[in-house]
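Two chains, each in its own frame: build the complex with the hints.
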Amino acid sequence: MKKYLKQTLAVAAMVCSFVATLMASSACVFFYYQPEEPKSLQD
Amino acid sequence: MDKLVQKLTNMITDPLQYDGEQRAVVQYGLFAIVQIISIGLIITLVGILADCVWECWIVYIAAGLLRKSTGGAHAKTPNACFVVSIITVSIIALISHYILLLTYALPVSIILSVFAFLLGCFIIYKLAPVGHPNKPLNKPEKIKRLRKQSFITLLIYVAIFVIFLVLSFKLDRSMALLVSLSLSVLWQAFTLVKSAGNSVGGCS
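Protein chains in written order, with this note's numbering: chain V, -4 to 38; chain A, 3 to 206.
For reference, chain A alone in the conformation it holds in the complex (with noise of 0.2 angstroms):
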């Protein structure tokens, strides 16, 4: 992926003379334009093939949005953060949608969504933002700029878990798009937690 978006960038930057820092603010907008692009159509292809699209879509906006102002884990290269986003959104999708097939699904379903949720929100309170070296978070401004957007997403996935939870008494489909967002916020928390962040394949 880094030797297509350098081309790209090469593409762009060289008809108009770019200088080295606007060509490596143009290839770090590219990156983030190519990366999100790549995993949502391989995403969309992997919950077509497993009749989980919604899910899996719920599963990267969610995750995506808040990973924004918390941060979080990262893979030390961008095929193996591709990798891991995929098979991390495809694995949450999947058990969103196959736990419908249990015979106590509705009553599981709840209790594992309200249990994530909240501990989600739990582990999101106590740690977010978490920087990185290539993008360390100095200023105490911005800290706090990330924690209040970080508290604004959780209130607005909150108000999402609501309409979600009282439809899934009406509607099955509306209980896998609960889990799965519950899931995210969940699966987003756990990266925030140094322990676990290590343990997703060759993280920093």
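Chain V extracted, bound-state conformation (with noise of 0.2 angstroms):
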């Protein structure tokens, strides 16, 4: 069971850190509040 947690976990990490990736790339994020953007995806 705890197994399978962490590898639940390291699935939303990634599809978190994918998204983060994918609004990096776009001029803000999706509606009207701009959070401080992580230094390794600034540009």
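Watch out, some of these pointers could steer you wrong.
[What the hints assert, rightly or not] Within a straight-line C-alpha distance of at most 20 angstroms, the following computed PhoX-like cross-link-like pairs (lysine-lysine) qualify:
#1 LYS70(A) x LYS5(A)
#2 LYS172(A) x LYS150(A)
#3 LYS70(A) x LYS150(A)
#4 LYS34(V) x LYS150(A)
#5 LYS144(A) x LYS128(A)
#6 LYS1(V) x LYS144(A)
#7 LYS9(A) x LYS70(A)
#8 LYS141(A) x LYS34(V)
#9 LYS78(A) x LYS5(A)
[What the hints assert, rightly or not] Facing chain V, from chain A, some residues (calculated, C-beta under 8 angstroms):
#10 LEU18
#11 GLU23
#12 GLY31
#13 ALA34
#14 ARG69
#15 THR72
#16 ALA77
#17 PRO80
#18 ILE97
[As the list claims (entries may be wrong)] Here are the in silico distance ranges between beta carbons for each label pair:
#19 LYS1(V) x LEU139(A): 33 to 43 angstroms
#20 GLU23(A) x LEU0(V): 22 to 32 angstroms
#21 SER40(A) x LYS34(V): 24 to 34 angstroms
#22 THR46(A) x VAL6(V): 24 to 34 angstroms
#23 LEU120(A) x VAL6(V): 43 to 53 angstroms
#24 LYS78(A) x SER20(V): 40 to 50 angstroms
#25 VAL6(V) x TYR106(A): 47 to 57 angstroms
#26 VAL10(V) x VAL195(A): 27 to 37 angstroms
#27 LEU6(A) x LYS1(V): 40 to 50 angstroms
#28 GLN37(V) x LEU169(A): 17 to 27 angstroms
#29 VAL195(A) x LYS1(V): 44 to 54 angstroms
Honestly, the hints are just simulated from the structure, not real lab data. Glycine included, every Cβ here is placed at the ideal spot set by N, Cα and C.
As structure tokens, this is what we get:
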């Protein structure tokens, strides 16, 4: 069970990182608030 | 919303023993996901209550996708963003839906749509893309790419606009969707104008 939990969390982290990369390549995050961009995603 | 995202980030990254930067990336992506889903759910609810779900979603998707490449005004806090987004989407969707009740709904809708769409396109052509202190646009290549993306998005919208326009002579709903598409382009264009941006509750 613990093994699967860790795998699920890894997949969730991967999805979040993918979305973060997608957002970093655009002008702004989907709506009206722009959080500070992580350094590794900046130009 | 910030606290919720932070808690969720901790839940995901703590067991995986991520470092600070990896955590920040996950949090950034998670913030976008939570924001998109939560606003989507609320506007769906508003749409169901006001019988204008399609209009709400057209406005939400059209303004959101365009915003990805054009940028625009931002609220100072996530909660202000949440409220401004829901209010804006709901008002535009309601106007689009209930414009059908006017006596001369067809000509009024068509004139309004064409005017709003053309004005929106002109403003976007002049100003896009616009950066933000939290996400400055410095690289000329990136600016060029985002500008190109904005025009491609607008071209797709033109095609959808024409389809809605043709259908609007037969279907009332199509007329409402036409108005919602045009007004969302205009609204997104207005957020590019600094003075309009400053007038959106607490925007930078």
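These are the hints, each one checked on the structure:
{"no.": "1", "hint": "LYS70(A) x LYS5(A)", "result": "violated (25 angstroms)"}
{"no.": "2", "hint": "LYS172(A) x LYS150(A)", "result": "violated (34 angstroms)"}
{"no.": "3", "hint": "LYS70(A) x LYS150(A)", "result": "holds (12 angstroms)"}
{"no.": "4", "hint": "LYS34(V) x LYS150(A)", "result": "violated (25 angstroms)"}
{"no.": "5", "hint": "LYS144(A) x LYS128(A)", "result": "holds (17 angstroms)"}
{"no.": "6", "hint": "LYS1(V) x LYS144(A)", "result": "violated (36 angstroms)"}
{"no.": "7", "hint": "LYS9(A) x LYS70(A)", "result": "violated (26 angstroms)"}
{"no.": "8", "hint": "LYS141(A) x LYS34(V)", "result": "holds (15 angstroms)"}
{"no.": "9", "hint": "LYS78(A) x LYS5(A)", "result": "holds (16 angstroms)"}
{"no.": "10", "hint": "LEU18", "result": "holds (6 angstroms)"}
{"no.": "11", "hint": "GLU23", "result": "holds (5 angstroms)"}
{"no.": "12", "hint": "GLY31", "result": "holds (3 angstroms)"}
{"no.": "13", "hint": "ALA34", "result": "holds (5 angstroms)"}
{"no.": "14", "hint": "ARG69", "result": "holds (6 angstroms)"}
{"no.": "15", "hint": "THR72", "result": "holds (6 angstroms)"}
{"no.": "16", "hint": "ALA77", "result": "holds (5 angstroms)"}
{"no.": "17", "hint": "PRO80", "result": "holds (5 angstroms)"}
{"no.": "18", "hint": "ILE97", "result": "violated (19 angstroms)"}
{"no.": "19", "hint": "LYS1(V) x LEU139(A): 33 to 43 angstroms", "result": "holds (38 angstroms)"}
{"no.": "20", "hint": "GLU23(A) x LEU0(V): 22 to 32 angstroms", "result": "holds (24 angstroms)"}
{"no.": "21", "hint": "SER40(A) x LYS34(V): 24 to 34 angstroms", "result": "holds (27 angstroms)"}
{"no.": "22", "hint": "THR46(A) x VAL6(V): 24 to 34 angstroms", "result": "holds (26 angstroms)"}
{"no.": "23", "hint": "LEU120(A) x VAL6(V): 43 to 53 angstroms", "result": "holds (45 angstroms)"}
{"no.": "24", "hint": "LYS78(A) x SER20(V): 40 to 50 angstroms", "result": "violated (24 angstroms)"}
{"no.": "25", "hint": "VAL6(V) x TYR106(A): 47 to 57 angstroms", "result": "holds (54 angstroms)"}
{"no.": "26", "hint": "VAL10(V) x VAL195(A): 27 to 37 angstroms", "result": "holds (35 angstroms)"}
{"no.": "27", "hint": "LEU6(A) x LYS1(V): 40 to 50 angstroms", "result": "violated (22 angstroms)"}
{"no.": "28", "hint": "GLN37(V) x LEU169(A): 17 to 27 angstroms", "result": "violated (44 angstroms)"}
{"no.": "29", "hint": "VAL195(A) x LYS1(V): 44 to 54 angstroms", "result": "holds (48 angstroms)"}
The structure fails to meet hints 1, 2, 4, 6, 7, 18, 24, 27 and 28 from the earlier list, while all remaining hints are met.
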